[in-house]
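Protein chains in written order, with this note's numbering: chain A, 758 to 867; chain B, 2 to 117.
Any given hint could be a false lead.
[Unchecked claim] Listed below are the simulated EDC-like cross-link pairs for lysine to aspartate or glutamate, each with C-alpha atoms no more than 20 angstroms apart in a straight line: (1) K759/A x D60/B; (2) K759/A x D39/B; (3) K58/B x E760/A; (4) K813/A x D104/B; (5) K799/A x D39/B; (6) K84/B x D60/B; (7) K799/A x D55/B; (8) K10/B x E802/A; (9) K71/B x D55/B; (10) K824/A x E760/A; (11) K96/B x E760/A; (12) K71/B x D31/B.
[Stated by the list, open to error] Okay, the calculated bits of chain A under chain B, using three or more residues with CB under 8 angstroms as the criterion: (13) 791-802; (14) 854-866.
Think of the hints as simulated: they come from the structure by calculation, not from any bench.
Beta carbons: idealized from backbone N, C-alpha and C, even for Gly.
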Amino acid sequence: QKEVEQDPGPLSVPEGAIVSLNCTYSNSAFQYFMWYRQYSRKGPELLMYTYSSGNKEDGRFTAQVDKSSKYISLFIRDSQPSDSATYLCAMIHTGNQFYFGTGTSLTVIP
Amino acid sequence: DGGITQSPKYLFRKEGQNVTLSCEQNLNHDAMYWYRQDPGQGLRLIYYSQIVNDFQKGDIAEGYSVSREKKESFPLTVTSAQKNPTAFYLCASSKLRGSGITDTQYFGPGTRLTVL
Chain A
758 QKEVEQDPGP LSVPEGAIVS LNCTYSNSAF QYFMWYRQYS RKGPELLMYT YSSGNKEDGR
818 FTAQVDKSSK YISLFIRDSQ PSDSATYLCA MIHTGNQFYF GTGTSLTVIP
Chain B
2 DGGITQSPKY LFRKEGQNVT LSCEQNLNHD AMYWYRQDPG QGLRLIYYSQ IVNDFQKGDI
62 AEGYSVSREK KESFPLTVTS AQKNPTAFYL CASSKLRGSG ITDTQYFGPG TRLTVL
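With the hints as extra help, turn the sequences into a complete structure.
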């Protein structure tokens, strides 16, 4: 079983839709959780960084962490064509190795 | 303008040649990382380094080598022993917290290596 599981998609939604992206993990020692956005042929850029269970909001983006269920989500409100990218979840436990999901490809159709 | 730079953006190599990918950061980050990204496989860790003159193998280190002579620089050499080197290579860096846990990683723009 992989440490981090992420549905690869692809996911296609109309402009303005609410998008939900999800990752599950198996190791309860994970403490820090991140979401990255990666445009084609570019490096990933950090979108959200959370520590505790609950929600964190930044503009149209909301990151949700449920440690009891070992489940994290990223919600995108009012999705735009510029949101079309691959979204990677990542997490760290004690120590310094990152664990990444395989990424979900999102297309927002105008 | 702080950040991570990688060069070159595109690199072509003949079979049997070694090539070196450059990674430089001016963020004063302690740790640096090299990942390989292939379609559908996500990011796979090649090597990482937490301090100068020290580095550790990641999950797929065979056929690669690194050095960390300066805090700002972490070059990756893809040797002829790497059987399938064509991929997108990403460098990242992060600060280390006092607790020993790394802060989040920031990535460079990547180098696309193609073996001819």
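Okay, the hints, checked on the actual structure:
1. Distance hint between K759/A and D60/B is fulfilled; the C-alpha atoms sit about 13 angstroms from each other, no more than 20 angstroms.
2. The straight-line distance between the Cα atoms of K759/A and D39/B is roughly 17 angstroms, inside the 20 angstroms bound, and the hint therefore holds.
3. Proposed proximity of K58/B and E760/A is supported: the alpha carbons are some 19 angstroms apart, at most 20 angstroms.
4. Between K813/A and D104/B the CA atoms are separated by roughly 18 angstroms; this keeps the pair inside 20 angstroms, and the hint holds.
5. Proximity of K799/A to D39/B is assessed by CA-CA distance (about 13 angstroms); at most 20 angstroms being required, the pair is judged to hold.
6. Using a Cα cut-off of 20 angstroms, the hinted pair K84/B and D60/B holds, with the two alpha carbons roughly 15 angstroms apart.
7. A hinted pair counts as satisfied when its Cα atoms are at most 20 angstroms apart, and K799/A with D55/B does not qualify at roughly 28 angstroms.
8. Only pairs whose Cα atoms come within 20 angstroms are accepted, and K10/B paired with E802/A is accepted, the gap being roughly 17 angstroms.
9. With a C-alpha separation of about 11 angstroms, the suggested pair K71/B and D55/B falls inside the 20 angstroms cut-off, and the hint holds.
10. For the hint pairing K824/A with E760/A, the CA-to-CA distance comes to about 14 angstroms; that is within 20 angstroms, so the pair holds.
11. Taking the CA atoms of K96/B and E760/A, the gap is about 23 angstroms. The hint is violated against a cut of 20 angstroms.
12. A distance of roughly 10 angstroms separates the Cα atoms of K71/B and D31/B; the hinted pair therefore holds under the 20 angstroms criterion.
13. Coverage of the stretch 791-802 of chain A by chain B holds [criterion: at least 3 residues with CB-CB distance below 8 angstroms; count 7].
14. Coverage of the stretch 854-866 of chain A by chain B holds. Counting CB-CB distances below 8 angstroms, 6 residues qualify, and the rule asks for three or more.
When the structure is compared with the earlier hints, violations turn up for hints 7 and 11 and for no others.
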